[in-house]
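Residue numbers (the working numbering), protein chains in the order written: chain L, 1 to 191; chain W, 192 to 391.
These are computed hints drawn from the structure, not numbers from a lab.
A few of these clues could be false.
Stated by the list, open to error - To be clear about the criterion: a stretch of chain L counts as covered by chain W if any three or more of its residues have a C-beta under 8 Å from a C-beta of chain W, and this derived list gives those stretches:
| id | stretch |
| --- | --- |
| 1 | 3-14 |
| 2 | 17-25 |
| 3 | 51-63 |
| 4 | 76-87 |
| 5 | 128-140 |
| 6 | 143-156 |
| 7 | 176-190 |
All C-beta atoms, glycine included, are put in the ideal place defined by N, C-alpha and C.
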Amino acid sequence: MSNPALYRRVVRRETHSPRSGLAITIAIVLVVVLAWLGTESVLAAIGQPALLVAPQDAVTAVLSAAAAPAPLLVALGAVVAVVGLVLIVMSLAPARRGRRGATIDRTAAIVDDRVIAQSLANTASYAGDVDPSQVTVSVGARRARVEITRTSGRTLNTREIQEAVDAELATYDYRPALRATVRLSEKGTVG
Amino acid sequence: MNSTNRFLNRLFVFVAGLVVLAAGAAVSVGALLPDAQSTISDGAESAVGPATDALDAQPWILWVAAVAAVLLIVSLLWFVFRQGRGHTGTLLRIDEASSRKAPSGGGVTLDVKVAAQVLEEAITRNPDVVSVDVAGFRVKNENTLRLTAHARRGASPVELRRSIDAAVAEWDAVLGTSTPIVIQIVSGLRTKFAGTNRVA
């Protein structure tokens, strides 16, 4: 009864951001501005003093702003245009959430990149016989970087660690798949 | 897993960005071209008088503006409040004689809480799991369970999933049918405070 189409949909939705925060922020800003404009309109219509700016004054100000000095207008327009461009890019970007989906079976599974990083760090620290605090792992979109700080006075076999990390990665079935690079830090610690 | 309309979110952000970009570009490009600026500012200055006169003489323009603002506010609030819906507390509903095999003479409704308690108990037996949250969602007209397992630091996600799948198989046997289940293996604050598992 498990439904592959449903699972694929859920995995896609859980690995990408819905952009809700951004959309809600823009909507709330618009609501505040519209509420203010509406209030000013009503106040002007019933002849009460304005809250901040009366509509008549606002229209005059906007229309006469076109005559403002050119550099000021250019700078203002450029800033506004850049904000708009950022919004367009954010609306089109895939917005990955640092998670990846595993193969679909009876269940679908989504794994946080941090869990993968901690597991790889654990593997590397066992394979190299170093303290877990001396291993740093960062997981990118397709690449996991394992960095190990040596204990001074002890040699470290990078190949063994690389093999152990690769063996761990080979058991993973996550998309997008990861490749690991093991690197020794240039600094050492006193062990 | 919620039913947020993501396309609508992105479309909204895109349109807002397009309007802001167009406004900014129009202002700066218009100001860069001296001819255009002088034409527009002359036109605008001659329009100041008629515009304020119109607002003074015809207050219905202000009322229309107020009503339009209210309508827009309502639709924006609808847009905000329809985000994040889709939770359900019901896992399964078997109606009276819905099929030949089903027992007749009454309906059965099974709460998500039942599944939550059974699965939490079974999954937290694994020492690599700090805690489990179970939530029900309605996805594509099917009630779907989401299991969020907080992994202990350094736990292998592959083995974790295998053990959770075993618990799910037990639950399927208890339930007698299977509903879609999505597993999330995460690492968060609870992982941080729980410490590592010393026995490997």
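Do the hints match the structure? See the list:
Only residues whose C-beta sits within less than 8 Å of a C-beta in chain W count toward coverage, and the stretch 3-14 of chain L has 9 of them, enough to reach three; the restraint holds. Using a Cβ-Cβ cut-off of 8 Å, 6 residues of the stretch 17-25 of chain L lie near chain W, which meets the minimum of three, so the contact claim holds. Under the rule that three or more residues need a Cβ within less than 8 Å of chain W, the assignment of the stretch 51-63 of chain L holds, with 5 such residues. Against chain W, the stretch 76-87 of chain L contributes 12 residues with a C-beta closer than 8 Å to a partner C-beta. That satisfies the three-residue criterion, and the hint holds.
Counting residues of the stretch 128-140 of chain L whose CB lies closer than 8 Å to any CB of chain W gives 1, so the stated coverage by that chain is violated, three being the minimum. Judged by the Cβ-Cβ criterion of 8 Å, the stretch 143-156 of chain L is not covered by chain W as claimed, because only 0 of its residues qualify and three are needed. A count of 0 residues in the stretch 176-190 of chain L with a Cβ less than 8 Å from any Cβ of chain W is obtained; the coverage claim is therefore unmet, three being the minimum.
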